[in-house]
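Go ahead and model the full structure; you've got the sequences and the hints to work with.
Just so you know, the sequence shown maps onto residues 0 to 84 in numbering that gives the first Met the number 0.
Think of the hints as simulated: they come from the structure by calculation, not from any bench. Just so it is clear, CB atoms sit at the ideal spot from N, CA and C, and this is done for glycine as well. There could be a bad hint or two in this list.
[To be verified] Derived Cβ-Cβ restraints for the label pairs, each shown as a range:
#1 69 x 47: 44 to 52 Å
#2 53 x 5: 28 to 36 Å
#3 66 x 46: 26 to 34 Å
#4 59 x 10: 48 to 56 Å
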Amino acid sequence: MWYFWLIPVVIFWSFGFRRRWEHPRPRKRKRRDLEEAAGNPELAAEVEAQRTYIGDLEARVAELENRLDFTERLLSSRHHSETTA
Numbered sequence: 000m001w002y003f004w005l006i007p008v009v010i011f012w013s014f015g016f017r018r019r020w021e022h023p024r025p026r027k028r029k030r031r032d033l034e035e036a037a038g039n040p041e042l043a044a045e046v047e048a049q050r051t052y053i054g055d056l057e058a059r060v061a062e063l064e065n066r067l068d069f070t071e072r073l074l075s076s077r078h079h080s081e082t083t084a
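This is the structure in structure tokens:
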């Protein structure tokens, strides 16, 4: 009866090894690589531009959330006044 559990274990085990060979893990960055990237002025400028862009997007999302909240309150008050009248 214990042979039944051996089959799924072998299947999952072999799948794990096969997947490891097909998709190797990316190598971890070493401290030296990070220091080189930090010293690159072009990379620093690109990162700063992306941070600025993300900040602008966050501001736009916040404004859209405020507008949506206002619209929901407006529609809710209209619906509430129509149902009570």
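**Asked** So which of those numbered hints doesn't the model satisfy?
**Response** 1 and 2
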